[in-house]
Amino acid sequence: MANMFIDPLNNLTSYKNLLKDIENHKTPISTHGIIDEGIGHMTYALNQNTNRQILIITHNENRARKIYEDLKSFHGEKVEIFPSREMFFYKIDAISSERLNQRLRAISRLLQQEDIILVSSIEGLLFRLMEPELFKEHSITINLDSIIDLEELGDSLV
Numbered sequence: 001m002a003n004m005f006i007d008p009l010n011n012l013t014s015y016k017n018l019l020k021d022i023e024n025h026k027t028p029i030s031t032h033g034i035i036d037e038g039i040g041h042m043t044y045a046l047n048q049n050t051n052r053q054i055l056i057i058t059h060n061e062n063r064a065r066k067i068y069e070d071l072k073s074f075h076g077e078k079v080e081i082f083p084s085r086e087m088f089f090y091k092i093d094a095i096s097s098e099r100l101n102q103r104l105r106a107i108s109r110l111l112q113q114e115d116i117i118l119v120s121s122i123e124g125l126l127f128r129l130m131e132p133e134l135f136k137e138h139s140i141t142i143n144l145d146s147i148i149d150l151e152e153l154g155d156s157l158v
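Here the sequence shown is numbered in this note's numbering, starting from 1 and rising by one per residue.
These aren't lab readings, by the way, just hints derived from the structure by calculation.
Ideal Cβ placement from N, Cα and C applies to all residues, glycine included.
Among the hints, erroneous ones may be present.
[To be verified] With a straight-line Cα cutoff of 35 Å, these simulated DSBU-like cross-link-like pairs (lysine-lysine) come out: (1) Lys136 - Lys78; (2) Lys78 - Lys26; (3) Lys72 - Lys20; (4) Lys72 - Lys16; (5) Lys16 - Lys78; (6) Lys136 - Lys72; (7) Lys20 - Lys136; (8) Lys66 - Lys20; (9) Lys72 - Lys26; (10) Lys26 - Lys66; (11) Lys16 - Lys26; (12) Lys136 - Lys26; (13) Lys78 - Lys20; (14) Lys78 - Lys66; (15) Lys66 - Lys16; (16) Lys136 - Lys66.
[As the list claims (entries may be wrong)] What follows is a set of in silico ranges between Cβ atoms, one per label pair, in the way DEER data are often shown: (17) Pro8 - Leu144: 39 to 47 Å; (18) Leu157 - Asp7: 47 to 55 Å; (19) Leu19 - Met130: 40 to 48 Å; (20) Asp155 - Phe135: 31 to 39 Å; (21) Pro8 - Val158: 52 to 60 Å; (22) Glu61 - Ser146: 32 to 40 Å; (23) Arg85 - Asn11: 18 to 26 Å; (24) Lys20 - Ile147: 46 to 54 Å; (25) Gln113 - Leu153: 24 to 32 Å; (26) Asn11 - Ile142: 44 to 52 Å; (27) Met4 - Val158: 50 to 58 Å.
Just need the whole structure built from these sequences, with the hints factored in.
Okay, structure coming up:
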């Protein structure tokens with residue numbers, strides 16, 4: 001099926017070479033010189049052609065947010081942002097949990113092997129995370145239709 005976003009890239013030699021390097025597991029692979037407006041387009045095409053997870057690392061949080069918003073217009077729910085952790089030494093109780101929720105959602109989707117596009121700043125990746133096996137072992141999935149024994153849930157949270 002024709003895709004007006006991907007087809008023009010599929011005809012470029014440099015893009016074909018990039019896809020070939022990905023298929024041949026040449027690592028690390030980096031691209032540079034892509035104009036800001038083209039990052040979302042290129043990443044969307046790569047994700048569609050390879051069905052793989054993609055990590056975009058940029059130099060600051062504002063640029064990561066801009067790339068994330070651009071990618072959301074192409075790819076909607078298949079895009080996550082991995083924000084840096086906020087460091088406050090005061091008003092601990094007033095800190096929003098939005099950043100933590102975004103980080104946890106991204107980690108969870110990566111561990112479930114979803115072919116998402118993850119956007120982060122360098123700062124967002126600096127903090128050490130727990131081992132994936134430990135994260136999986138201590139994760140609890142609750143769905144809207146789940147029947148939960150509160151005593152068991154309480155015991156598992158302690």
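Hint numbers not upheld by this structure, sorted from lowest to highest: Hints 19, 20, 23 contradicted; others consistent.
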